[in-house]
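Engineer: Protein chains in written order, with numbering that gives the first Met the number 0: chain A, 0 to 361; chain B, 0 to 361.
Keep in mind that the hints were calculated from the coordinates and are not lab data. Yeah, the Cβ is synthetic: ideal placement off N, Cα and C, and Gly gets one too. Some clues are possibly wrong.
Computed cross-link-like contacts, DSSO-like style, restricted to lysine-lysine with a CA-CA straight-line distance of at most 30 Å [to be verified]:
id, chain 1, residue 1, chain 2, residue 2
1, A, Lys300, B, Lys280
2, B, Lys351, A, Lys351
3, B, Lys269, B, Lys19
Some residues of chain A that are not near chain B, with every Cβ distance over 12 Å (derived) [claimed, not checked]:
id, residue
4, Ser45
5, Ser157
6, Ser160
7, Ala226
8, Glu319
9, Lys321
10, Trp331
Number of protein chains: 2
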Amino acid sequence: MATDTQIRIGVMGCADIARKVSRAINLAPNATIAAVASRSLEKAKSFATANNYPESTKIHGSYESILEDPEIDALYVPLPTSLHVEWAIKAAEKGKHILLEKPVAMNVTEFDKIVVACEANGVQIMDGTMWVHNPRTALLKEFLSDSERFGQLKTVQSCFSFAGDEEFLKNDIRVKPGLDGLGALGDAGWYTIRATLLANNFELPKTVTAFPGAVLNKAGVILSCGASLSWEDGRTATIYCSFLANLTMEITAIGTKGTLRVHDFIIPYKESEASFTTSTKAWFNDLVTAWVSPPSEHTVKTELPQEACMVREFARLVGEIKNNGAKPDGYWPSISRKTQLVVDAVKESVDKNYQQISLSGR
Amino acid sequence: MATDTQIRIGVMGCADIARKVSRAINLAPNATIAAVASRSLEKAKSFATANNYPESTKIHGSYESILEDPEIDALYVPLPTSLHVEWAIKAAEKGKHILLEKPVAMNVTEFDKIVVACEANGVQIMDGTMWVHNPRTALLKEFLSDSERFGQLKTVQSCFSFAGDEEFLKNDIRVKPGLDGLGALGDAGWYTIRATLLANNFELPKTVTAFPGAVLNKAGVILSCGASLSWEDGRTATIYCSFLANLTMEITAIGTKGTLRVHDFIIPYKESEASFTTSTKAWFNDLVTAWVSPPSEHTVKTELPQEACMVREFARLVGEIKNNGAKPDGYWPSISRKTQLVVDAVKESVDKNYQQISLSGR
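The following block holds chain A by itself, in its conformation from the complex:
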């Protein structure tokens, strides 16, 4: 049941991912689904039914219409990336807070326009990167910032691949230049870049250089690529993303004293718990024939699924603004922007034949 303190969220578009986030809004204690929109009323209706929307949910047959709905506080926007700049700005101008799917825009210039609109209208914006809201992620950060257990970061390697089938590689919006034209980089790569930045305390790298061997489809959309990143003080990172290889998602972060590994960082193996592996000052026995201190595994119980944690945090921030006169939290758009900046730099490097791209001043 919706309560007065619940943030009323409208779902703007019936993409596949909206099924999962709809469930998350239903699960989040401080949010409720108040409306749904599609370009067709019929589609919106059947989506609402299929996803157990409350009876009270208003059904809109156009995006324009949901923007005008006075009964919603915020919008969840899972539209194709190329439409973000238009609709997120319109939403901000109508005073709606925005939970925006990733990648947040086709490039950082577009995203900056969205942020300007959000700031001008005092609305919260947060991107839909779910894994950072998993309770596990707080423990990952704790380990990475522990000077005794981890020390100083030296390198972080992250990858996310999944094998798109024939249908996906032909028709999914993520392989279409006019829709999610950043392809595997904007989709899978987004997560690996976020992980890399998280491990680096969101300090931007000095250089980004794509690896030779990126795979593009005939329309020029990236299906697979990798890149190396470097920081002033010698830290390095690699990312790899692909629509062409078996489902794999890894973070390996190595510091002067410790190592962190996560094998399911974007979608945990199980909804109810999430694990990671750490080691500190690992070494060998005397003859170097075995380890004296092999890595250890840690498991965190997840009471709410991570996407519901995301919605709960978004709704909490919106509630602070709505009920307590707080200002929008600048952290979330700032990390969206940095992630997008690195996405852009990898794309630029691929476009420029794997040239080294400097991020100084960006």
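Based on these hints, arrange chain B on the given structure of chain A.
Structural biologist: This is chain B only, laid out in the frame that chain A set:
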């Protein structure tokens, strides 16, 4: 006890690694330690005592002297890399088979001279890369070549780092340009390159490009670096090696249908067993909130430590030559050469400000 069929191995130099390999020779059923040499008789004597050498072991006070010993079939050579070309050629010319520590030479030109000498004298050469002899490695290869469980390789990412202490970073031969002048690349990097080539059926990459951010000491020796490799058909790989970060050794190989992970590929956590993780056609549940087919772990019992497996294989090949008139096995020098070629290319790329190096025709 030595038997007539055992291959008599002389240990040429008392490096730390020779302790482990001496034990391995003692453990290998078809090999025995017949002699040891150091530049000082005293050092050779105390090394023999400390490492439980058979009473019958001959003690040599110079490398020249052990070369002349008619009672040995083969030499294990753990000398600093810069000395390999000189002493391996001398050993070959004396008809001694050679188990040569890695990196096999300072560059492939030197290694080719060693191979010419071995071929001219009909002696077997094998490098001291132990992990490939672990029974686990056969299973890794089996998985990687399984068209149903793994499919076609798309990328392989490998790293090996360990945190050298102050003493190591100041005085170890691996940070001295005149001794093991290839530094972390020749030492830790060697293993990651071997893993990469193994996953690629020892097909050489088309290009090798070091990552910006390599760390060199004042003498110009690499302490930390990484590189990306690419093949004609779109396969890619990354390697990372470092003396400056916590002990970590990883292989992640991703194919069209499967993924392989190994977390202790060079030195297994335990001597008695070794594990690895595989997944095939991994995917999510309907709402993409969990995996339906998480990776599974496989464990192999190791009856003989991997370094003893290495000695056993080396002694088997020497025995075939000595007793059955077989020819030296060309596989082992061919993979040593390819590994060295990629080491050289990474170094060249670092030296040339991270330029892309083509391996065509090498």
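Engineer: Decide, hint by hint, whether the structure agrees.
Structural biologist: To see whether the hints hold, each was checked on the structure:
1. Lys300(A) / Lys280(B): holds, 27 Å
2. Lys351(B) / Lys351(A): holds, 20 Å
3. Lys269(B) / Lys19(B): Between lysine 269(B) and lysine 19(B) the Cα gap is close to 15 Å, so the pair holds against 30 Å.
4. Ser45: holds, 17 Å
5. Ser157: Given that some Cβ of chain B is not farther than 12 Å from that of serine 157(A), nearest at about 10 Å, it is violated.
6. Ser160: violated, 6 Å
7. Ala226: Not fine: 9 Å to the nearest Cβ puts alanine 226(A) too close to chain B.
8. Glu319: The claim holds: glutamate 319(A) sits with its nearest Cβ about 28 Å from chain B, beyond 12 Å.
9. Lys321: At about 29 Å from chain B, lysine 321(A) clears the 12 Å cut-off, so the statement holds.
10. Trp331: Check passes; 22 Å lies beyond 12 Å.
Violated hints, listed in ascending order, are 5, 6 and 7; each of the other numbered hints is respected by the structure.
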